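Colleague: Each chain, letter by letter, is given below.
Number of protein chains: 6
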Amino acid sequence: MTRIGNLYGPDATFLGVPGADPDDAPSWRGAGAAIIGAPFDGGTSHRPGTRFGPQALRTTDYLPHDGMRPSLALGVDPLIALGVVDLGDVEMPSGETERSLAALEERVTTVAAAGVLPIILGGDHTIALPDVTGVARHVGWGRVAVIHFDAHADTGDTQMGSLYGHGTPMRRLIESGACRGDRFIQIGLRGYWPEPETLAWMAEQRMRSFEMSEIVARGLDAVIDDALTLAADDCDAVFLSVDVDVVDPGAAPGTGTPEPGGLSSRQLLDAVRRIAMESNLAGVDVVEVSPPYDHAEITAYLGNRVVLEALGGVAWRRHGGRSPAAPLLG
Amino acid sequence: MTRIGNLYGPDATFLGVPGADPDDAPSWRGAGAAIIGAPFDGGTSHRPGTRFGPQALRTTDYLPHDGMRPSLALGVDPLIALGVVDLGDVEMPSGETERSLAALEERVTTVAAAGVLPIILGGDHTIALPDVTGVARHVGWGRVAVIHFDAHADTGDTQMGSLYGHGTPMRRLIESGACRGDRFIQIGLRGYWPEPETLAWMAEQRMRSFEMSEIVARGLDAVIDDALTLAADDCDAVFLSVDVDVVDPGAAPGTGTPEPGGLSSRQLLDAVRRIAMESNLAGVDVVEVSPPYDHAEITAYLGNRVVLEALGGVAWRRHGGRSPAAPLLG
Amino acid sequence: MTRIGNLYGPDATFLGVPGADPDDAPSWRGAGAAIIGAPFDGGTSHRPGTRFGPQALRTTDYLPHDGMRPSLALGVDPLIALGVVDLGDVEMPSGETERSLAALEERVTTVAAAGVLPIILGGDHTIALPDVTGVARHVGWGRVAVIHFDAHADTGDTQMGSLYGHGTPMRRLIESGACRGDRFIQIGLRGYWPEPETLAWMAEQRMRSFEMSEIVARGLDAVIDDALTLAADDCDAVFLSVDVDVVDPGAAPGTGTPEPGGLSSRQLLDAVRRIAMESNLAGVDVVEVSPPYDHAEITAYLGNRVVLEALGGVAWRRHGGRSPAAPLLG
Amino acid sequence: MTRIGNLYGPDATFLGVPGADPDDAPSWRGAGAAIIGAPFDGGTSHRPGTRFGPQALRTTDYLPHDGMRPSLALGVDPLIALGVVDLGDVEMPSGETERSLAALEERVTTVAAAGVLPIILGGDHTIALPDVTGVARHVGWGRVAVIHFDAHADTGDTQMGSLYGHGTPMRRLIESGACRGDRFIQIGLRGYWPEPETLAWMAEQRMRSFEMSEIVARGLDAVIDDALTLAADDCDAVFLSVDVDVVDPGAAPGTGTPEPGGLSSRQLLDAVRRIAMESNLAGVDVVEVSPPYDHAEITAYLGNRVVLEALGGVAWRRHGGRSPAAPLLG
Amino acid sequence: MTRIGNLYGPDATFLGVPGADPDDAPSWRGAGAAIIGAPFDGGTSHRPGTRFGPQALRTTDYLPHDGMRPSLALGVDPLIALGVVDLGDVEMPSGETERSLAALEERVTTVAAAGVLPIILGGDHTIALPDVTGVARHVGWGRVAVIHFDAHADTGDTQMGSLYGHGTPMRRLIESGACRGDRFIQIGLRGYWPEPETLAWMAEQRMRSFEMSEIVARGLDAVIDDALTLAADDCDAVFLSVDVDVVDPGAAPGTGTPEPGGLSSRQLLDAVRRIAMESNLAGVDVVEVSPPYDHAEITAYLGNRVVLEALGGVAWRRHGGRSPAAPLLG
Amino acid sequence: MTRIGNLYGPDATFLGVPGADPDDAPSWRGAGAAIIGAPFDGGTSHRPGTRFGPQALRTTDYLPHDGMRPSLALGVDPLIALGVVDLGDVEMPSGETERSLAALEERVTTVAAAGVLPIILGGDHTIALPDVTGVARHVGWGRVAVIHFDAHADTGDTQMGSLYGHGTPMRRLIESGACRGDRFIQIGLRGYWPEPETLAWMAEQRMRSFEMSEIVARGLDAVIDDALTLAADDCDAVFLSVDVDVVDPGAAPGTGTPEPGGLSSRQLLDAVRRIAMESNLAGVDVVEVSPPYDHAEITAYLGNRVVLEALGGVAWRRHGGRSPAAPLLG
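Residue numbers (this note's numbering), protein chains in the order written: chain C, 406 to 735; chain F, 406 to 735; chain B, 406 to 735; chain G, 406 to 735; chain X, 406 to 735; chain E, 406 to 735.
Hints are computed from structural coordinates only; laboratory data are not their basis.
Quantities reported herein were computed from a predicted structural model and do not represent experimental measurements.
Every residue gets a Cβ at the ideal spot worked out from N, C-alpha and C, and that includes glycine.
Certain hints may be false.
[Claimed, not checked] Not the full set, but computed from the structure, chain C residues with beta-carbon under 10 Å of chain G:
1) 450
2) 595
3) 668
[Unchecked claim] Chain X residues, not near chain F, derived (Cβ > 10 Å throughout):
4) 428
5) 435
6) 437
7) 485
8) 621
9) 622
10) 679
[Said to hold, decoys possible] Taking CB as the label site, the calculated pair distances span:
11) C/504 / F/609: 55 to 61 Å
12) B/622 / F/407: 43 to 49 Å
13) C/605 / G/639: 41 to 47 Å
14) X/504 / G/728: 36 to 42 Å
15) X/634 / B/732: 40 to 46 Å
16) G/728 / C/568: 29 to 35 Å
17) E/503 / G/503: 55 to 61 Å
18) B/520 / C/426: 50 to 56 Å
19) E/503 / B/473: 28 to 34 Å
20) F/407 / B/580: 27 to 33 Å
21) X/407 / G/631: 25 to 31 Å
22) C/568 / E/428: 24 to 30 Å
23) B/608 / E/624: 35 to 41 Å
Chain C with its partners taken away, still in its complex shape (with noise of 0.2 Å):
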């Protein structure tokens, strides 16, 4: 049995929900979701610490641990009506990446190909070339469109003198052929980084990355709207990838490259949720909560809503639900 529940710390499954064992296939076939802990650490470039993201974004919440989650907005209880399932973490000692990143491949492959969908809980964004990865295998090798948030573009050539790291993932994915650079959608890109020749290599894979004076000028819905639509152009399932440092630093200080300017808590979380309503998610990675650095667990709530969003949005397609911005009690 190679269930190993919470890598540092105890075994707690995501808000409750039933753990099952990796290995034990038919025990979590049936399930619409699966939690996959990536506590992995090893690629960041400055302030470590996700690696107690998994175990923050698992257990972060006043409400009971009860597997159950009703969303107001939504009207429907994602955890509920997926029927999520909790598979641990991924054994990734943080000083091994190459060996961590093939483990954590392996365990999306293996999910994704149960038609289960992958919720993979980082951990760094060094893991979204294993998450992506895995689940194209199953989709189909360059037919998965990637809607990535973050302040970063992560697609550096190399880090550090290495290929892995979490800010060269991008770059991996698109040069493996995984996904193609011209359904690549970034949004919250600011700040100094990268430097011209990777902003060049990025132009030529025709990747569409939205810097936050674009987004600032045109509002979040329009550019939502490109999204989805280049998302569904072509491709037949979208991963979600989601670096909480996408939000301004004041409402997400746990992470480890903070960069100020970022979108507020609420427009992330209205965002993640409308594009699990409205395109076909094949895959979820949230990443870069760093609990060393957070205040109040304030990063850590905001992970797992943007978790619970995502599940919302995935249910409320496939089970139907209320309109989010009508009259509550209506």
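Keeping the supplied structure of chain C fixed, place chains F, B, G, X and E upon it in accordance with the hints.
Modeller: Chains F, B, G, X and E alone, transformed into the frame defined by chain C:
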């Protein structure tokens, strides 16, 4: 003499306004508003600490504690114009819920009956039950509309087997008839609570609950318009209950049950001010500020300013002032 | 089934020992010791937060949560040797003191009556009343000596008008006769409480209270010698009650009423171990760990190790081991 | 040689740009801009700590400290394009206000006179007096407009009996004639200070102060339009003074006098950038970042980015770049 | 009336003792001791924040702020027995060193001259200059021995070019003749300051400085024996100056210049108590408590208890009490 | 040129000593000791963050960063007397363990071979493997005794399936023969790791491990006596490896695997000094300082002072000084 000052810590009044002994009514009967501390956190379902809320709300400021606060935006000093006094805390041991609530209800009732506007500093939201009840005894049973800012509906039937707690006061208030369900207006709800049964009960009462998705879709101004219109319809006064967790945890980390995706501080301050300017306030409470979870006192500052905006609006309504949106030096 | 796991947060057992349902006595009756969580902070007179103590004491460790902890010093693994189980928390809403204390007393009584050593994780010190009472019901009324580590005597007559609170349990225990006053041994008192009247009452009961100045003058070892001698005189067993504030605030900041000038962590751990090795322990509680005030989990680690040292000493006494002061590798 | 590096801590330059010795003018005279540290907090009226501001503003970043920062939005690297140097700190003991201010004024005057743009890192806002004075000596007495982001007007007559302090510099500047009152533009004021007498003085000077309520009502873009128009009218250059407390405490907790209800980080960064792009900047200071009150360095990051946006706008204006709101990858 | 209460924050007296107006001498002339706040941090060479020291030392306690503190160890309530009053803070703007020191010196002189024991709450150690000077004016120039607990000698010649700062007061005191160098006793020195030239000056003055290595080698009790003997030799009284950084940073993190390897809290408290019991104290200051760097208030608690132990020893000497090392209930 | 300064943050040397480029050996070959930063945390089994250890150990001090530190106790300035240089960090990406360790081993070997004493600043304890190996290559294989302060034995066989990690380096060192097991001396062990199998292996190697209970029973001085005697027996030099977690978490919270009940700061500083004075040190590392978990920099200060005490002892041995326990001004 029963003045107990601040139950936890030194006796200090709200920003230095005159203190008074609740038992010596002549000393405070002429005041325009009276501060009442409710240092109770026995009703919180998760992170405690609001027992230190009254202390923090009274004393967190960088300006001299001299009992003067001229509002830039409103052109009136509410502490001076209204003549605000501070009656100190009510003795409310957190392990003795019913006794504590009874003592607070008596205090609020006494103050309201004297024609003095009660401003109650929580404490957890359990205290809304005695706060509104006390005011309703004065204004008229069922004649007080409630405008309630919160991430949570607080309409649970019971909490850990008890009728009293910060998740249930709104239900108790409607059940008792102190307030009409159809004049109970909630702004800022979000997240994953309560469950459908409770929502059904709320709908039966014809409560009006604005979930954040509706607020984002329509804009907060329109929501406040609706709230003011409804509150003024066949009611004689408004009780304003502000749970600081209506604000996003990024700006209000110091609270017990933070829910990402809330209002900005600016939105809350503007809304509170406007409600105080445009309605007949008969009572206010500001609750759920929990200093142990705060950072750099930012939540305490926010709570202090919510009190000042509410008082400012009342002072402006009673005594006049300037138009907030006009040029300051115009 | 009544197992509620951890009342605040996910269900996780003490360092991964097996969980059991209190209502299913056959499942745990053969255990050598049972962990009971008492997540109650309604009795604290100042900083709350000990409701999160059981969670912290169970889950704070850097080692795998695998239910194994071989003691270097003692040469025995208390979790394995004793067969420790975790019965989860007792439902103890902090605003409902009497109901909560009654529920805990019933749980402790049941466990002790089954011949299983109860290890209660607080919670504030109010819980010593049900803890010792429950054990005394099993061992014999007045037949349990108490060794009580604390900065405070906890012998107040009332607290904010209540008989129950963390300042009064020792008085209640002696009044009821559950314990004899002259077999009530206090170690580590200091500071400015209680006042002379209460000290006079304590002297009348012939309590033996070691203030820090006496401990410094004589040495802690001599004090423990006295304590063990007295406790063994005409009593059948010892209840060990450890308030983490007996340790200096530098090493135990995460507590409600810190009093400078306490023991070092090393002193407390050695003393607890020795008492467990050299007396007949019939019950243990570890109280007043308040995570909101902790830093880097150091108080939680300390509390966890106090539990392990107590269990280790019991295991050593029952199952043998090595001499702690001898060279480790023999 | 007088280069003192960072007065408190190791000698490190702003993000690794070349350091230079202020006394060796030939070594820096050709630079486009020069960083000057003003580690003074003797003028704050409440929470100190800004003496560590220059250190934090220089060294807080997750990217290599290599003296390069290509702006994504602007398509230019301001550090390289402008040739920014760092002259280290001015020796400013916080207990010696007049001597410290004189030393800073001399440094700023020297730099401005050499035709190098001075970028002063505070320190508390007291330093605006020498900063603007020094620039005015170069540009022309009364020929520099000031655009001042702040929650506070800083136009007090005296502070604790002194003419100098962070509450008075703007008054001193207008009194001396260094700046015209009617070209002194304040953005972001709010709260409960100053009192009516000071507001009357400000009105007499024909200052233009945008309180937050006006900003919310009209939108920040319109306010910046007004500011730029006014600043360009019969003045030769603009001094930009940014007090980080103009931003809401949620995103800028690390400051001395936080006032809830401020701008978002995004708003401030966009406004600073635009002002630098659209006006003739002759000097900049960024003040009131207080690291002891910061969390996870978020305020330090914000301050660092304010400096970079100002420099970026200047570089863009001088050397060209891309349109920020256009799609990033063209 | 000049009483200004607490310069930063609400007016609250030391643990609730009666407040008095310094200008109304009859109101306090009969007191046994008077608290004087010196909220000045303009002299610190590194981390500021001690301006909030008086506030923290006065108000940090979990017991009621009722002006009573019966000492367990001493069997006397120093606040009651002595009749302690609190004269509030002296106005000491941190940027105005000389003016601030002069104001404090005047206050201390006035109090001492009235025969009231001054207890000054710092503030940084710069204040020892006016504190001891004021006392020496009363007791006799050169007739006051100083017992000085500190990690640092504070005998620098100048600090950043100034004669005044927390690194120089002891030199100024010996230079002025207020104290004799050979009756200046320092306990707890360690680390890497001052340099040999200053040590040579100290040796010339025949100061007696106990570095930690000597303390460890001989034991603190023997050192205190020496100190008391020397202090009583041809001097009329003792001034006790306690810099909280004499304690190890683990127990006193909230200070400006922490130096590892210090005394334990217990050692300091016992030493202060003993000195107060066994010498003729004419003045006390407790300095360098810096709340912004504190955690869970532990340094503030320690500072508060240092004050109480000093007062306790004085009360015991004047009014009698019990033997601290005897059994408490004996 | 390969000097990379501080891998994470600005280039700053240890307290301002001269920097040098490792590739330019002539520039540093004459130094008495060389600082080497090892910013690696890929080997920690729990809380990360030690990658920021070198930065913190180099720059945490309140004194000027001027490359001078005259020791009060020793009467010698180790930085000046020895001529200490700082070679900057080794590039050690935390996700690339083997490559990182190889790079560090090469650096240490080069420095030791040049006759310069290497002082390595960790990083996690994984680095002891390359540190001691590099020194042994110079001194002689099996000719270096190791004195190892730690709460943990670090002799695990593997860690998460890897040979390398902070739990295994001591085993690798003995296996390779770089050190003899019977000259491997461990001081401060405690807690619940390793398990009996590993202890058996340690006993087979004839390691000498002092658990805290033995240290308490015999006194630390006697233990150091034994250690020095053993280390000097048939070995040519000593490598001193100091894991800051040997100190109690109260004084060293900023570390990855805190274990209550450790040494005091004073004990560690004295022991390190004495070992450096009384043995032939050939290398030193100071590891496991993790700034994200530190408070008020107290652990960083402690680590900095451990380095200074080690250097101080070496300087005293080489260049003379005073007797630490003698009167300072004697």
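Colleague: Evaluate each hint against the coordinates.
Modeller: We went through each hint and held it up to the structure:
1. 450: holds (7 Å)
2. 595: At 6 Å from the nearest chain G Cβ, residue 595 of chain C passes the 10 Å test, so the hint holds.
3. 668: holds (8 Å)
4. 428: Holds: least Cβ distance 18 Å, greater than 10 Å.
5. 435: holds (24 Å)
6. 437: Residue 437 of chain X is indeed farther than 10 Å from all Cβ atoms of chain F, at 21 Å.
7. 485: holds (18 Å)
8. 621: Check passes; 37 Å lies beyond 10 Å.
9. 622: Answer for residue 622 of chain X: holds, closest chain F Cβ roughly 43 Å.
10. 679: holds (30 Å)
11. C/504 / F/609: 55 to 61 Å: Hint holds: Cβ distance 58 Å, inside 55 to 61 Å.
12. B/622 / F/407: 43 to 49 Å: Between residue 622 of chain B and residue 407 of chain F, where Cβ atoms are some 44 Å apart, the hint holds.
13. C/605 / G/639: 41 to 47 Å: holds (45 Å)
14. X/504 / G/728: 36 to 42 Å: Cβ of residue 504 of chain X to Cβ of residue 728 of chain G: about 54 Å, so the range 36 to 42 Å is violated.
15. X/634 / B/732: 40 to 46 Å: Roughly 44 Å apart at Cβ, these two residues keep to the hinted range, so it holds.
16. G/728 / C/568: 29 to 35 Å: holds (34 Å)
17. E/503 / G/503: 55 to 61 Å: holds (60 Å)
18. B/520 / C/426: 50 to 56 Å: violated (35 Å)
19. E/503 / B/473: 28 to 34 Å: holds (30 Å)
20. F/407 / B/580: 27 to 33 Å: holds (29 Å)
21. X/407 / G/631: 25 to 31 Å: Violated, at about 46 Å.
22. C/568 / E/428: 24 to 30 Å: holds (26 Å)
23. B/608 / E/624: 35 to 41 Å: At 37 Å between Cβs, range holds.
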